[in-house]
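Residue numbers (this note's numbering), protein chains in the order written: chain A, 6 to 259; chain B, 6 to 259.
Treat the hints as calculated values from the structure; they're not laboratory data.
Treat the hints with care, as some may be off.
If several chains are the same, the list does not tell them apart, and a pair holds so long as it fits within one copy or across any two.
[What the hints assert, rightly or not] Taking lysine-lysine and the BS3-like style, the derived pairs with C-alpha atoms no more than 30 Å apart in a straight line are:
#: 1; residue 1: Lys-255; residue 2: Lys-162
#: 2; residue 1: Lys-151; residue 2: Lys-252
#: 3; residue 1: Lys-252; residue 2: Lys-182
#: 4; residue 1: Lys-162; residue 2: Lys-193
#: 5; residue 1: Lys-252; residue 2: Lys-154
#: 6; residue 1: Lys-180; residue 2: Lys-23
#: 7; residue 1: Lys-23; residue 2: Lys-182
#: 8; residue 1: Lys-23; residue 2: Lys-9
There are 2 protein chains.
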Amino acid sequence: MINKPLILITNDDGIHAKGIACLVEAMKEYGDLVVVSADESHSGMSHAITVKKPLYLKDMGEKDGVRYYMTNGTPVDCVKLALHTVLHRYPDYIVSGINHGSNSSTSVHYSGTLGAAREGALNGIPAIGFSLLSYESDADFTECHKIIKVVFEDVLKNGLAPDVYLNVNIPYTDKVKGIKYCRQGKGKWVEDFIERTDPRGRQYFWLTGHFENLEPEATDTDEYYLDNDYASVVPCSIDATDSVSLKENKNYEL
Amino acid sequence: MINKPLILITNDDGIHAKGIACLVEAMKEYGDLVVVSADESHSGMSHAITVKKPLYLKDMGEKDGVRYYMTNGTPVDCVKLALHTVLHRYPDYIVSGINHGSNSSTSVHYSGTLGAAREGALNGIPAIGFSLLSYESDADFTECHKIIKVVFEDVLKNGLAPDVYLNVNIPYTDKVKGIKYCRQGKGKWVEDFIERTDPRGRQYFWLTGHFENLEPEATDTDEYYLDNDYASVVPCSIDATDSVSLKENKNYEL
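Produce the complete structure using the sequences and hints provided.
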């Protein structure tokens, strides 16, 4: 008897999001699926973990052969709870998403969707984060299916390098032209805080902003390919070391 | 008239922590200091931003020539608020810490202290995160002063490469032997959830765990040098791309 792969699915938009339902649909043919996701959205939670309050875990039962668990934690908490409490063994793969909105360029650092994928890589598990470039809660995820199929089957066949996870972004268009494996573009979020006064007279701020592409002329970045109707796949390393800086070989004795 | 550098100081242990007071002391000679920090600790908040609730900012006044502001946000929120609301210009440097506890190896991904430094780098500002390898709230930070002096004066003199921030960890010992610029060691947190039942009969979990060095034989990592009473400095890149994986030059037309 051949065991099917065990695949953990999570996201940062919560268990009720359309994106995770689409990811479950797309992944069904590849293995036994277990979903561990949060009761509400955890956008912008990055690689955060919950250390100051207890985590709850609710068994939501099985639906169409898929097991669902709901937590009050961050995406990384979901992966940790799944690995150590829900599953009886490490999953063979972790897929996260489909995020409602882009996680391209430096957004990888803010994204809970990619936090979950990175946590997979930190535990030696091949992991992929998928995002669609639409923030609509009722976005059309139809085009995502073929991207997920190609990218996941490539990982099934070739594996991933150790310590590497994939950041996959999908343009919101009727026809995705193809899939490009490429580097992370340079970019940043430019903040524009909304400033108001609360009923008690205290000033408060809402964080808001827009993304700025810092190399608009580049033709080899995720930003470039997404702008040209290609899905982008950035292989990301959990090793943050900037090896170029290390070549200076600096040391100080004290 | 020569303007002194403007230096933003933040941390993830909150404005009342001993570590940030020590960092302020150590940095005083280098410029005009502004502290923006949280009302409570935000350990494990990584690069998280607050998008679902408003942020408050309280002017705590001036003390010994240093201006203090308190927020209810994450370390990255503190940097964003400082850049866009508190300061009238971008600071010349951002220093974060001194964290109570290690942020070596892959802990860089969970750390709010390093989240703040990374946010500096994302905005083109030279940034350093400092951590002491003691979780004690009343730890002795004496040895940190000389490390901060050497590392910061090196940055003052030579600058940092674009998109790079420094992850500095300091061993908790009476005599730090020296400072080694080195790579991030491989390691992971092994979880060991504490499982309990609340008064309403619901099962809950506390996240706890210990760090495991995955390459104990290596002699060129931050973990190795810290174990041998050296402070470690890992230059970290905001570019997560794994360029080795990209050499396969994969593309798919659809």
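So, going through the hints one by one against the coordinates:
Taking CA atoms no more than 30 Å apart as the test, Lys-255 paired with Lys-162 passes between copies only; the shortest distance there is 13 Å, against 42 Å inside one copy. With identical chains, the CA atoms of Lys-151 and Lys-252 are at most 30 Å apart between copies only, with a shortest distance of 24 Å across copies and 42 Å within one. Proximity of Lys-252 and Lys-182 under a CA criterion of 30 Å is satisfied inter-copy only: 22 Å between copies versus 40 Å inside one chain copy. Proximity of Lys-162 and Lys-193 under a CA criterion of 30 Å is satisfied inter-copy only: 26 Å between copies versus 35 Å inside one chain copy.
Taking the shortest Cα distances, Lys-252 and Lys-154 sit within 30 Å of each other only across copies (22 Å), while inside one copy they are farther apart (40 Å). Taking CA atoms no more than 30 Å apart as the test, Lys-180 paired with Lys-23 passes inside one copy only; the shortest distance there is 20 Å, against 56 Å between copies. Taking the closest pair of Cα atoms, Lys-23 and Lys-182 come within 30 Å of each other only inside a single copy of the chain (24 Å); across copies the shortest separation is 55 Å, beyond that limit. Taking identical chains as interchangeable, the C-alpha atoms of Lys-23 and Lys-9 lie at most 30 Å apart only when both belong to the same chain, with a minimum of 26 Å there against 52 Å between chains.
In summary, this structure violates none of the numbered hints.
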